[in-house]
Amino acid sequence: MEHLSEVARTCYMDLQAITTAGVQCFPPSYDIAAFFIKRYHRGLIEVICQLIDMGLNARDIITLMIWIGDIKTSFAETLGVDLQSVGPLMKTDVETDLLKTCHGQVESNVRELMGNMVKTEQEEWNSQQPPECDVKGKYYTPVGINLFQIIDQNIQALAPLGLPTKMKVLKICLGALDEFQRKYRNALDGYYKDAVAGRIEPPCCVLYIIAIANSCRSCVEFTEQLKKRMCMELNESTLDKEFETGFKSVAEEFDKIGLHCCDILVDVLFTDLKKVLGGLMTRDAWFSQPMVLVGTVEGTILDFNGDFSKLKPAYHTYVIVQCQQRVIESYLLALCSKRMVLKKDKEREKAAEYIVDESRKMSAMFLRLSHACNPRYTQLIEMMAEVIKSKQEYLPLDISSLANKHREVNEGHVVALLAMRGDMSKAQVTKMLQSTVLGKTEEEEEGEGARPGRRREEKNILAQISVKNHWGLLK
97 MEHLSEVART
107 CYMDLQAITT
117 AGVQCFPPSY
127 DIAAFFIKRY
137 HRGLIEVICQ
147 LIDMGLNARD
157 IITLMIWIGD
167 IKTSFAETLG
177 VDLQSVGPLM
187 KTDVETDLLK
197 TCHGQVESNV
207 RELMGNMVKT
217 EQEEWNSQQP
227 PECDVKGKYY
237 TPVGINLFQI
247 IDQNIQALAP
257 LGLPTKMKVL
267 KICLGALDEF
277 QRKYRNALDG
287 YYKDAVAGRI
297 EPPCCVLYII
307 AIANSCRSCV
317 EFTEQLKKRM
327 CMELNESTLD
337 KEFETGFKSV
347 AEEFDKIGLH
357 CCDILVDVLF
367 TDLKKVLGGL
377 MTRDAWFSQP
387 MVLVGTVEGT
397 ILDFNGDFSK
407 LKPAYHTYVI
417 VQCQQRVIES
427 YLLALCSKRM
437 VLKKDKEREK
447 AAEYIVDESR
457 KMSAMFLRLS
467 HACNPRYTQL
477 IEMMAEVIKS
487 KQEYLPLDIS
497 SLANKHREVN
507 EGHVVALLAM
517 RGDMSKAQVT
527 KMLQSTVLGK
537 TEEEEEGEGA
547 RPGRRREEKN
557 ILAQISVKNH
567 WGLLK
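Sequential numbering from 97 applies to the sequence shown in my numbering.
To be clear, the hints were calculated from the coordinates, so they are not data collected in a lab.
Among these hints, one or two may not hold up.
[Claimed, not checked] With a straight-line cut-off of 30 Å between C-alpha atoms, the simulated DSBU-like cross-links for lysine-lysine are:
id: 1; residue 1: Lys487; residue 2: Lys457
id: 2; residue 1: Lys522; residue 2: Lys439
id: 3; residue 1: Lys446; residue 2: Lys457
id: 4; residue 1: Lys522; residue 2: Lys440
id: 5; residue 1: Lys187; residue 2: Lys232
id: 6; residue 1: Lys527; residue 2: Lys501
id: 7; residue 1: Lys527; residue 2: Lys442
id: 8; residue 1: Lys487; residue 2: Lys440
id: 9; residue 1: Lys344; residue 2: Lys262
id: 10; residue 1: Lys501; residue 2: Lys442
id: 11; residue 1: Lys370; residue 2: Lys323
id: 12; residue 1: Lys370; residue 2: Lys352
id: 13; residue 1: Lys371; residue 2: Lys289
id: 14; residue 1: Lys457; residue 2: Lys439
id: 15; residue 1: Lys215; residue 2: Lys168
id: 16; residue 1: Lys215; residue 2: Lys232
id: 17; residue 1: Lys344; residue 2: Lys267
id: 18; residue 1: Lys215; residue 2: Lys267
id: 19; residue 1: Lys457; residue 2: Lys442
id: 20; residue 1: Lys267; residue 2: Lys168
id: 21; residue 1: Lys371; residue 2: Lys439
id: 22; residue 1: Lys446; residue 2: Lys527
id: 23; residue 1: Lys196; residue 2: Lys289
id: 24; residue 1: Lys501; residue 2: Lys440
id: 25; residue 1: Lys442; residue 2: Lys323
id: 26; residue 1: Lys442; residue 2: Lys487
id: 27; residue 1: Lys187; residue 2: Lys279
id: 28; residue 1: Lys352; residue 2: Lys440
id: 29; residue 1: Lys187; residue 2: Lys264
id: 30; residue 1: Lys324; residue 2: Lys262
id: 31; residue 1: Lys168; residue 2: Lys187
Could you put together the complete structure from these sequences and hints?
Next up, the structure:
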């Protein structure tokens, strides 16, 4: 392909001499300029055919296509010679086949590069050194930058061949990203499972999962930037439906992988806390040592947050909210599991006091870490604590207040709380519940006015806790 510029230069100089001086040496009837233009046109076709017969790779095809376009443009603008009027330098079917070959090779190269990128990332995850930080102090891996450099380089390389080719390359890259995402997530899952099983011992596992999450978030941003840039280049506010769907799918999948990393981080934290949370509402580990277990939970979360703070803001918020929900879920599950019985009034009062204090302490910590955390669960736990310590004569009112304020509270939850009190028989509980809002039929409830807060949250924590055989707790 190196001699193409020399061919173009020679043809240009020869035709320049013919069109300026040569025509004066022949009678006009000879139309000598047209004669030589046809001869040189035929010669250029022969050169092109020889190159094609040799077999061209994608880079060569791009170079040849650009060269043909430059020849036609420069000859027309500077010599006034319209080669296209003589005939195409390349037949349409030949051009189509070459572009098909080029697209196929580009796709193969892009997929290979992206596949190698997954392998390179996997090697980096096992590094003895922590990941690098960006200017904002957030961990990252170079995968996002490298991915979109590959895409941009290929789009720009084929852009001179025209808009259809450019959009074809974009489609190829979006498809390759889909395959990359599957491989990347599988690699991530394999890495985490091997670490948990002890097959590998990466010293910076948590830090690299944070870096992977951040890189996925960057990929979401890069995807949106690429889409915006393509819209600007096309002078359109939106792309065709196929490309809109493609960009949306890529961005959503990167975000899913990022959130999956966040879920892994939460799992790692709560694996450490499993034994501690299992001691909640037990006499030995919790009642006899007020605030100790919750202090351990708080200390562990704050310790992990030293690493979690290296997450990008959206993912850091997600992780903290998930941590709050997991702690609350563990606390509510403990309240509804009858892990101890409080038969004395003083014990019930003390337990309720501990519950309220711990709930407020945890709520304050989570709100310090993220304002997205929900304080409503503090109120829910405090009202449940009130049921535990309340005098029997006030229980119907307290239970109705709890059920009215928190629509997700059901009979099973209340029976579990009463079983923890240990001062009522099954018959007493059954009779008492009939006098509360929980004991009323839907028709009776509608007649008196529907319970407030009738709409449930999409993912209400207490609604996920089912108390099996709750009447059996009253034995």
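- Unmet hints by their number, sorted upward, for this structure: Failing hints, ascending: 5, 11, 15, 23, 25, 27 and 28.
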